[in-house]
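*Asks:* Sequences are here, hints too, so could you generate the full structure?
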Amino acid sequence: MSWHRPDAGTVRRLALGTLGIAAFVLLWWLISLGAREVQVPDPSSVLSSVRENFWTTDALEFVNLPSGGFASSLLATGKAAMLGVLIGTCLGLPIGILAGRSRLVRMLVEPPLMVLGVVPVVVLLPFMNIWFGNSIIAQAGLTIFYATLVMAVTAKSATMNALGKYEKFGRSLGASERALVFSISLPAIAPAMVGSLRVAMAAAWGFTVIAEILGANKGIGRVIQVFATIQATADVIAALLCLGVVALIVDAVIARVGRWYTSWQE
Amino acid sequence: MELRDVNREFTQASGEHIRGMDGVSFTIPQGQFVCILGPSGQGKSTLINMVAGFDTPDSGEVVVNGRPVRGPGPDRGVVFQRDTLFLWKRVADNIEFGLKARGVPKAERKETVDRYLKFIGLEKFARAWPKELSGGMRRRVAIAAVFANDPEVLLMDEPFVGLDYVLRAALHEVLLELWSRTEKTVMFVTHDIDEALALGDRVLVVQSGRIVRDVPLDFERPRTLEVLESQEAAHARVAILRSMGVPDAV
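Which chain is which? The protein sequence lines are V and F, in order. Residue numbers for the first sequence follow the working numbering, beginning at 1 and rising by one. Residue numbers for the second sequence follow the working numbering, beginning at 1 and rising by one.
It should be emphasised that the hints constitute simulated quantities derived from the structure, not laboratory data. Treat the hints loosely; a few may be bogus.
Once the Cα atoms are required to be at most 27 Å apart in a straight line, the calculated BS3-like pairs of lysine-lysine come out as [to be verified]:
#1 K79/V with K89/F
#2 K165/V with K89/F
#3 K79/V with K184/F
#4 K110/F with K168/V
#5 K110/F with K79/V
#6 K184/F with K118/F
Here are some chain F residues the structure puts well away from chain V; computed CB gaps all over 10 Å [claimed, not checked]:
#7 D22
#8 A52
#9 T84
For every residue, glycine included, the Cβ atom is placed at its ideal position computed from N, Cα and C.
*Replies:* Dropping the structure here:
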């Protein structure tokens, strides 16, 4: 593998990004000087908390949580978030493609999608606990619901756009219905789906953490809730910081894989 | 190919009825290159959509090789005005698509794809994405993809619109060479009279959904500049222009 010298644009972007982070940390530090530790802890105490709690967090044992630290909690949260997005994609994608291809399915599916689309997702949380108890599905329930909607709506519009452009050509070349779906519709909508996948995944972290705060025995949301109860603000921010970094890494991976998969795009 | 008293009416959003096809009847013998000429919005594309099977007549019948048209099919290949190459398939895979859809064996597919790539001069671009090709190269691939699928009739809906004159002339050459080798029946829609004179055996002039003139272009091929300047070509041009309603003196 050869090393390529980064171009001027990349260097500028990295430099400005670093400068932005540095300015944010400086502002944070300045604010912390005039506030109590419990209100706004300074950046160094937050970093210390990350160091101390990342692999093991003894304090959590007192509230019957595994002491595996932020890492294991993030893993649990990540699993629930990704499972939710995966199930939502598996449900939403075929619904959207079918709705995009068939007027009849569209007429059946569009009204419920519109109604469910305006429901504030968080109000469904009590139902998740009633239906699925304390299981991972309960933690992922909101994400499943949201991801299904997002993927179905995007897949429907993208399929309808692709149909106009490519379906006639495919049919005139003798493509079967199966080929029209798998060789034309699916790849044609891939760029739009990658964008929606990133949106769904970004929302999934938030939904999962909320679900954990309101009723789970593991996950970073539960850790945040415990620390918030004992007013350990630095630890709460440290947990949030770790969650943000993990979410950014996952988003970057999805974006990179998506770019590779849709490298044919103009 | 035969159209028998084909009628098609469209209703606009305003509620107004427009006659897209008005009692259209004509026959195209096997292997003939027919240009459908006329101003925009007069029914040229409606006509090609009927033959392709993308649209259905309100009355009348479209028959291709003795079979009534009931929908799109690989026996009628279509080259569209807009670029419809599958952007997620490489050049060779685009040309192979129809062959694969029809279940042609792999070895035969490869041989056909290689032959057409060579013919259109894009062997080196077999593994390229369509986005890596110029506009002219993309049109060549689209034509090759349709010819490679071995349709009985080739329908072309203003396939070279928007290209410069030189590029268009080069593509005409590719098209005519493929046509003369394969002896396919071609229906070529254009609004450019020079293009029709350079390509066709015959010109059907469409106006208000009707065939208003059927002009045979019997002058020799290849249609060199000299041939296109001949008395015969000039007469055909004048006949076509008159049928399109262009006045003698402007």
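*Asks:* Now tell me if each hint is right for this structure.
*Replies:* Checked hints:
Among the hinted pairs, K79/V with K89/F is inconsistent with the structure: their alpha-carbon atoms are about 34 Å apart, more than 27 Å. Between the alpha carbons of K165/V and K89/F the distance comes to roughly 15 Å, so the proposed pair stays at or under 27 Å and holds. Taken as a hint, the K79/V and K184/F pair is broken in the structure, with Cα atoms around 59 Å apart against an allowance of 27 Å. Note on K110/F and K168/V: the hinted pairing holds, with a Cα-Cα distance of about 24 Å set against a maximum of 27 Å.
Straight-line distance between C-alpha atoms of K110/F and K79/V comes to about 45 Å, which puts the hinted pair past the 27 Å bound. Proposed proximity of K184/F and K118/F is supported: the alpha carbons are some 20 Å apart, at most 27 Å. No Cβ of chain V approaches the Cβ of D22/F within 10 Å, the least distance being about 24 Å, so the stated non-interface status holds. With a least beta-carbon separation of about 6 Å from chain V, A52/F fails to lie farther than 10 Å from that chain, contradicting its non-interface assignment.
In this structure T84/F is not separated from chain V by more than 10 Å, as the shortest Cβ-Cβ distance comes to only about 4 Å.
Checked against the numbered hints listed earlier, the structure breaks hints 1, 3, 5, 8, 9; every other hint is satisfied.
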